[in-house]
Each structure stands twice: as C-alpha cells, then as structure tokens.
Amino acid sequence: MTPDAGRPQSARRGQGTSLKTRTRAANTTRVVVAFAAAILVLVPFLWMLSISFTPEDKAFGSISLIPADPTFANFIDVMTETNMLRALLNSAIVAIVVVLANVILATLGGYAFARLPFPGSTAVFYILLSTTAIPVSVTLIPLFLMTRGIPLAGGNDLLGHGGNGLLNSVAGLTIPYLVGAMNVFLARQYFISASPELAEAARVDGAGEWRIFSRIYLPLARPMLAVIAIFAFTGVWDDFLWPLVITTTPENQTVQLALAQFLATGNVQYGPLMAGAVVITIPVLVVFLFNQRGFVGGLTDGSVKG
Amino acid sequence: MADDTVALTTARRAGAGAGTPAPAPAPGRPRKRWTRLNWIGLGFAMPAIAYIGIFSIIPVVYGLVLSFTSYSPLSRSGPVFNGVSNYAHIFEDGDFWKSLWVTARYVLQVLPPTVVIALLLAVLVSRPFRGVGFVRSALYIPQIVSLTAVSMIWLWLYSQNGFVNEVLNAVGLSDQHWLISQSAALNAASVMRIWKALGSNMVLLMAGMQSIPKDLYEAARVDGANGWQQFRHVTLPGLRSMLVYVVAMDIIFLAQGFAEIYVLTQGGPLGSTTTANYLIYQQAFQYNQLGSASSMAFVLFALIAGVSLLSMRGMLGRRSS
Amino acid sequence: MGVISRRKVAAASIGMLAAAVLALTGCSSNSSTSGDTASGSSKHLTVWFPGNDPNESKYVEQTMVPKFERETGAKVDVTFVDYTNLSPKLNAAFAAGSAPDVFGHGAAAVADFVKNDRIEPLDSDVEKLSASDRKDLANALAGAKVDGKQYMIPLQMQGWLLMYNKKDFTEAGLDPNAPPTTWEAVKSDAEKLTKRDSSGKITRSGLLLQTEATGRQQSFATLIASAGGSQLNKKGTKATFDSAAGEKALQYFVSLYQGPDAVATNLGQDYLNEPTAQQPLVTGDAAMTIQTAQGASKIAAAYPNGDWGVVQPPKFAGQSEGYAFGGSGPGMMINKDSKNKTLAWKFIEFMIDPANYNGYIKTIGGVPNRSSALSTAYVKNSPVLGAWLKASSQWVPNPNVPNWVQARDTLDKYLEQALNKVVTPKQALKQAASEVDGILSANG
Chain A
1 MTPDAGRPQS ARRGQGTSLK TRTRAANTTR VVVAFAAAIL VLVPFLWMLS
51 ISFTPEDKAF GSISLIPADP TFANFIDVMT ETNMLRALLN SAIVAIVVVL
101 ANVILATLGG YAFARLPFPG STAVFYILLS TTAIPVSVTL IPLFLMTRGI
151 PLAGGNDLLG HGGNGLLNSV AGLTIPYLVG AMNVFLARQY FISASPELAE
201 AARVDGAGEW RIFSRIYLPL ARPMLAVIAI FAFTGVWDDF LWPLVITTTP
251 ENQTVQLALA QFLATGNVQY GPLMAGAVVI TIPVLVVFLF NQRGFVGGLT
301 DGSVKG
Chain B
1 MADDTVALTT ARRAGAGAGT PAPAPAPGRP RKRWTRLNWI GLGFAMPAIA
51 YIGIFSIIPV VYGLVLSFTS YSPLSRSGPV FNGVSNYAHI FEDGDFWKSL
101 WVTARYVLQV LPPTVVIALL LAVLVSRPFR GVGFVRSALY IPQIVSLTAV
151 SMIWLWLYSQ NGFVNEVLNA VGLSDQHWLI SQSAALNAAS VMRIWKALGS
201 NMVLLMAGMQ SIPKDLYEAA RVDGANGWQQ FRHVTLPGLR SMLVYVVAMD
251 IIFLAQGFAE IYVLTQGGPL GSTTTANYLI YQQAFQYNQL GSASSMAFVL
301 FALIAGVSLL SMRGMLGRRS S
Chain C
1 MGVISRRKVA AASIGMLAAA VLALTGCSSN SSTSGDTASG SSKHLTVWFP
51 GNDPNESKYV EQTMVPKFER ETGAKVDVTF VDYTNLSPKL NAAFAAGSAP
101 DVFGHGAAAV ADFVKNDRIE PLDSDVEKLS ASDRKDLANA LAGAKVDGKQ
151 YMIPLQMQGW LLMYNKKDFT EAGLDPNAPP TTWEAVKSDA EKLTKRDSSG
201 KITRSGLLLQ TEATGRQQSF ATLIASAGGS QLNKKGTKAT FDSAAGEKAL
251 QYFVSLYQGP DAVATNLGQD YLNEPTAQQP LVTGDAAMTI QTAQGASKIA
301 AAYPNGDWGV VQPPKFAGQS EGYAFGGSGP GMMINKDSKN KTLAWKFIEF
351 MIDPANYNGY IKTIGGVPNR SSALSTAYVK NSPVLGAWLK ASSQWVPNPN
401 VPNWVQARDT LDKYLEQALN KVVTPKQALK QAASEVDGIL SANG
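From first to last, the protein sequence lines are chains A, B and C.
Numbering-wise, the working numbering puts 221 at position 221 of the first sequence, and it's gapless, one number per residue.
Numbering-wise, the working numbering puts 28 at position 28 of the second sequence, and it's gapless, one number per residue.
Numbering-wise, the working numbering puts 359 at position 359 of the third sequence, and it's gapless, one number per residue.
Accuracy of the hints is not assured; some may be wrong.
[Claimed, not checked] Derived, one-sided and incomplete: chain B residues facing chain A with beta-carbon distance under 10 Å:
{"id": "1", "residue": "LEU124"}
{"id": "2", "residue": "GLY227"}
{"id": "3", "residue": "ARG232"}
{"id": "4", "residue": "TYR245"}
{"id": "5", "residue": "ALA255"}
Just so you know, the hints here were simulated from the structure itself, not pulled from any lab data.
The C-beta atom is built at its ideal place from N, Cα and C for all residues, glycine as well.
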C-alpha cells in the first residue's frame, strides 16, 4: 500500500532536535485543529442526540446540549410505533446489493474507461456521465414506468405487461442505484492517475488483462473502493423520493420512510424523529468506520504517536 | 477531452512496452481497427454501459422527448407534441432566468469553500493520530444523517429565537432574520450545504492522497522542500485527477441544489432562493406540467454540462508535467 | 473528440426509440391496464390517506380498518402519505395506472383530477345517504364539488381564525371577553398590544397573520372576502381580486407589517407549523395570531392554565359579514379506474358514519364535518373547537378550478412583493391578475 504523505516518523529520522520539536508542535496544532473542526461540524448532530433523549414535551425550547430528564422513551417509541426493524432490514439488504454492484461493475467500467480505452469510449463515458446532470423530477416518472414494466417480474409477461413489475418490492428499491455513473467516473479518475508501467511489465510477463486488473490495479485502488462503498451505501440509505414513490405497503419500507412517520406537517414529533434519525445513522456510521480504514494504507491508528 | 489525453498517452506508453498498438485517435480517420485490448475494454465496461444505458439514459431521453410536448402525468391522453413552444415559453419566463442566476450564485458561493475546506481537512486527517477515526467520522456525519431530521435542527438554529441568534446576542450583536430576509436566506442555505457536503469531498481527497507515491515526498524532502512546498508541489499535482472529479461532481450536484432549499426556505423570500431545480420540481409536481419541467431541465442540463466540461478542461489544461 | 461514429448515432437512436416507445406505451397502457393492479380481487381495497399524522394512522390502521374488514370481509391496504409527498406519488401511480382505489387530498387538488377524468362522481352515492345525514354533512359536501358535482367526501372541516391571549388583552386595557369584530378594530387593538424596544423594534407583535409561502394567499383570501371581494369569478375563469375590495384587503395586510404603525414583525416566518412550544402566542412573541383548529387545540391542551380566546371572523367596516379562509378540509375520492367502486364507497361511508367517525375526528383533533358535532362531548369539552364550528357559515374556501395551484402560487408571489414593498398593492394585484388570467384561460 502507498504509505501516507510525510509521516512524522520519517521526518524525525536524521533530523535535528529543533526541527523535531517544531514538527511535534505542528503535529499538535494539526490534531487540535482537526478535533475543533470535528466538534464544530458535530454541533447540529449533538443537538439531535440531545433531543433524542429528551421527553417529547420538553424537546424544544431549551438550548442545552445536555438533555433535561434523559429518557429512552423516544427510542422505545421508534422501535414500537414504526416497523423500524423491518425497515432497517430492507434498507440493509438494498444497500448491500447496491454497494456490491457498484464496487464491482462501476469499478470495472471506470477501469476500462481509464486504462483500456476503445474507439468511442470517451464519448460513451461522457454520455453516461451526463445522465447525472438531469434533475430527478424529470426522470422519476419514466423510471417508475420502467420499473413497473420489467418483464417477467411481479406478474408481468415477457413484454412487461399485466402486472406490477418491481413496484413495491425490495428489488425495485435498488433500481436507480445499481451502477452509479458518478462511481464509474470516480473509478476512472482514480485509475487514470495510477502508474501505467505496472501493466506494461505484467503484459511483458504474459499476464492476462483480468489478472492485471484484479491483481495489480484493484489492490492499489483500495481507498477508492472504500469511497465507492461508502458513497453507494450513503446514497441509497438516505434516499427518500424513490422508496416513497414505489412502495405502498409497510413491509417494503426503508428507514427514511419509517422515519418520515414522525414528520407530519404541522405535527412533527421531535423526540422520536431525532431518536429515529440517530438509530438509522448508526449503521452508516459503522460502515464508514469500517471503510475509512482503507484510507490509512495499512497503518493502524495506534502506530504513530505524536 | 483534455483529461483523456492522459489516459491515451498512458495507454500509448503501455502499448509501447507490451507491443500492443495503442488506440491513439488519428485525425481524419473515422473508423479505427479494434484491437484485442479494445474488445477487452469494451467487455469490462459493458455491464456499466448497459445498465446506465437502460435505467438512466432511457428516462433522460424520455424526458427530452417530453420537453417537446405538453404532458400532465394525470392525463389519460398522454403527451401532446407542441414543438419548441415549451422552450420558447421558458426563454420569456423571467422567473426561470432569475432561478438560473440564483443557481449560479449558489454554486459559486458553495463550491470554493467546500473544496478548499475539504482539502484542508483531508490534509489534517490523512495521517493517523489517536482519535483520527472519530474525527473522520464526525466530519462525515453531516453526509449520513437523515436530511429530513437534521433540517428540523437547522430550521431551529436559524429561527428567530434559535441558536445562531442567541450566540449573536450573547456577543452583543443584534439578531438576524436568517431564512426570511432576502439578503441572508441563500447564504443560510449555502452554509447548511457546505456543512453537509464537506465530508464527502474530504473522503474523496483523502482517498486521492493515498495514491500519491511516497517516494515523491522523499525526493521533495531531499531537495529541502518544507511542508507547504511539499503540499504545493507534490500533494496538489498528485490530487489533480481527484480534484477534477470533486469539482465536476460538486458542480453537477450543486447546480441541481434542491433539498436544502426545500426544507429551509421553499424558494423564498421573494424568490431569492428559488433555484432552477426548485422551479423544475414545482412545475413537475405542483403544477403537473412535466413537459415544461423537462424543457427547463434540459436548459439547466446544457448549462451544467458546459460549465463542468469547461472546468474539467481548465483544471487539466494547467497540467505542469 | 473525434468524428461522431455511426455506432454512436445508432446507439443514440436506439435510446430515442426506446424512450419514444416508452412514452407511447407507458401512457396508452393506462386505459387498458389501469385499476387491475390497485386491487387484485373484488374484496381487496387500496387506500391512500393524505397526511401522516401518527395518531391518525394508528387509529385508522388499528381500529377502523380491522372493524371495516370484519364487517365486509374485505382486505384493505392503507398508506399514509404526507401532503408534501402526495403529488409525486400520485402522479407516478396515475401515469402507470397503479393508483389506489380510494385516495385523499386537499380540496385544491380535486379540480385537476376531475379535468383529467381520474375520479368518480359520487352524487348517486350521496343520494343514497339518509336525508338527515345529507343535511348534517351539507356544509362539508358543498365545498367538495366541481361544476356542481360531488367528487370528494371531506373528512373534516378546516378554518383559520384569530386566537389571542386574554391576559395580554387585559394588560393592554382591552376587554378580553369582547374581541374586535371589525378588521379596523383588530388593527387598533393590535397597536395597543404591540410592544417595542427602545430602538422602536417590535418585540411583541400585536397581530400575526400567515405570511409564509401559500399562507399569504390564505390570509389574503380571508381579508378580501371580509372586504366584500372575491378571488375569481363564479366560473373560475378570471381573476377578480384586482378590485377595490382586493386593494383594500392588501393595503390593510401590508399596513400590518410596514410603516410606523406596523403591528407585526418576522414577515415570511412560518410560525404556524412550528412546534406548540414555539408558537408566538406561547412564547409571548405575539398577542394575537391566526391559528388552525388543531393548532389552537394543541396550545390549549399544552397550556391549560393559559387564558385563550378565539375571534369570530371579523369584517371590514361597512360590510355585512366577516369571513375567514376555510371550509371543507381534506377528503376521500374514488379512482375512476377502480374495479371495486362499490367497496370503495362502502369504505368512505364507513369513515363518515358517526359510529366510526366520532372516534376518528377526536383522534386527529380536527373540526368535524357534521354540523351536529356541536353537541358531541368532543367539541363541548374543548375550550376552542366550539368557535370553529360556530364560524361554519363564514368559511370562504379557495376556488375548485383546474390549475388552481399554479394560479395560487402566482398570486402568492405578487402578494409577497407587495408585503415587502417591492411593488404597490395596486400594481401587485394588476400584475397577478393578468398572469392568473393567462393560467386560467387554459381551463376554458
């Protein structure tokens, strides 16, 4: 793995004491600034956290970050009043499928556009990318019609008539996300900046293209794979409009739909809403924590001390 | 495309070594011979091309067809062809032009801070220290926390008796109407968007930094480069292709800014936060005029495509090596 | 980039073709396949409720639907969709022919469904109700007609009335039990109720009307009706708000927020949808505000020690009667393509049967759709609801005409400009009228 940039250890090696102290001071500043930024960014979330533990009747009006009369009632509400568990399961299934599809197919596509271009590939790539610049308002209904017309699904015949296709199904929930053009773009950018010499050498040695991709470039792209996984997961986990439009029964709800039950116009239930938001943030946070290790390039957090 | 010259030159170099002819575009020759590598490339890309072709391009082309029609999704008769009259109409529509202007302002004031601050943060947290996982997660949390829930918090932060005004009062400043004043509303929405978008940019740039070869830094240090010089001459150039991605992605998504406007201001006051995409949403779902919404969407699309291509070119044009 | 290859052209044309086919089949298939998906068997009903009030959905799902299923042997799938999300969901479903058998919406949406031949007229079903039922529901039913035909059965009434804090009235030397009866008196009382700091900035508004998006138009509807004017002509084909009454109403509206005698601040703030604890009446940021029945009930319930009053709709001096924006609230419609229209009507009938309805309306805290509800314990026990039922003859609804939403938003835009003194009331109404006429001309 490529080690990270300018690690303090290497700077320390063979340097004078004054430089060492300066590096250490700079390092401390860096850590302090990083923590300060993190706390600042977290403020709105800390509020959510605080409200989620506050009884509903006191949820608003106080600007304290520490809940008055802390309670688990809101969390109990979320778990009992909605089918949050089922929604978590649905969202997890959808997200895992979407992450796998993107990590495999978008990466392969991006690799081809970067390292194995073919005549017309540039144009094809830009056409794919351009689909991300059209507002969902316009594509929602055609995509809905297509989801309904998927052949041989949900009672449809070979031509996609007669049934409901993948409407109101967990499979239908994955449709807009399985291969994200933005992820293809990301993979392409990443492989463009990878060194071409590795492939040359491997080809001389008679390695096949799949082998070159999977054994040489893919391992180098671990940070990027982590990003694609995180983004794909976040994107599908957070979406509201598509699941709203295609699902009609509670057993196919996603987490955002379950959460929206507390968001009635003019009758927002702040306590349960925030508790629900906290609950559904946790899985994504776990996915993030797991994946962000891809960025440290083999080093573990404890290995470097100031 | 400028950045494709990168791909092509690398491919050419690779080809020179392996004895496979690289597919360099030859001007004036419309059809090129397909090599084995070309076919393999097509095979690798095919699943992505096919999937996006079916589930993204068809709906987009359908939208393009609709933009020349008058169509309410409620109607039984389907779209009625009406030529370019949707386009003719929106070009006379002052609200649409104003919304494009609002969109442009929004992109211009959100893009630079999100990229610059994200870059700074990425540098700060790309190297491990005790608690780096916490810091990274904290910075990414805005991206993952449910928008519907967190928008309630922002509404309250910005409200008359909300946190922002309390802080202002505490330091002796007078409070502001953040969401209901024409001069402040777009800025307030921008701050929320910057807050939300920082994490994803940071993650991307961090990933980009991992691909910069370590020996470049060693070489720079041998040459006596200090921290800033290493950043300037090693990190930044090494991040170029990732920066292209970050900027292009941000432009594409920011120019379609909708959600934060929808939850904070509903386009007001006095249309000062009505972005083009907000107007498109209204046309499509409030007024059921999908034809006219589509025509607006394609004008917006042309502008987004133009601007993001230009910026991608511009960033790669300054390539130093 | 190179020359555009034939392959690319071919790919592009295939895409175009596919989209065109989709456009044609997607829309023409409606007529052939619609309805069959909404309900598989004749005993299966799909119902979409408007709004996602948790109390309402719980009551409907756990009490009403099981009872209906027991009584009829049918199977009912209910979905609750918040108003802001209703349009995308309904539009997609109608475009694909998978819309539910029964669905609910606000009155403003009915005319567009009628225009597109999407909902079933219910007159013959209403005919079959008992005479006393029809009389009891008359107010509600009247507000859900398009071109004289009944298309929706309202599940509640709605209205926006002035609510005030009696303690503030006493403190300002006003009689808390004799609220103003004219808008002129409302303004002069409000001036007494308004508090300012040393710099002249308003710290407590004497009177708050709704000034957020679409709320402005509702406030204006109240004012123009009380000034003897109307928003559109009877046929709903032309704007009539550009009139002396309209100007008077808007001038009054602007004077509340602008000028030295202003009595209100935070123009554009959507206070009405804020949590009960944040309501200006509760926080003391206002002495008198427009409220909905639900909002007022919640304030009264959360602050039982407060002394709240409700003003019956004031008129402008010289007019015979005052009005307030309101009328038939959201209700249920039947999809024209439903294959279970009989069962669908049974469900609606079940909903409005007092045996089931009384529990329902109490749960949602709304204004009952029956006049007889005045004598129910639910209304009698409420400190505020009686005022809403008492005002039932003074509600003025928005017109039920196609394209109303767009017409409303256009008017709303110009009202906002007038309220911010970008244009004069006269200019605003004139401009708005000419644009609204253009929008409504499509209805001819």
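Hint status (Cβ of GLY227(B) to nearest Cβ of chain A, threshold 10 Å)
holds (7 Å)
Going by Cβ atoms only, is ALA255(B) closer than 10 Å to chain A?
holds (8 Å)
Residue hint ARG232(B), partner chain A, criterion CB-CB below 10 Å
violated (13 Å)
Hinted contact TYR245(B) with chain A - closest CB pair below 10 Å:
holds (4 Å)
Using 10 Å as the Cβ threshold, decide whether LEU124(B) counts as touching chain A.
It holds, given that the least Cβ distance between LEU124(B) and chain A is near 4 Å, below 10 Å.
This entry does not satisfy hint 3, going by the numbered hints stated previously; all others are met.
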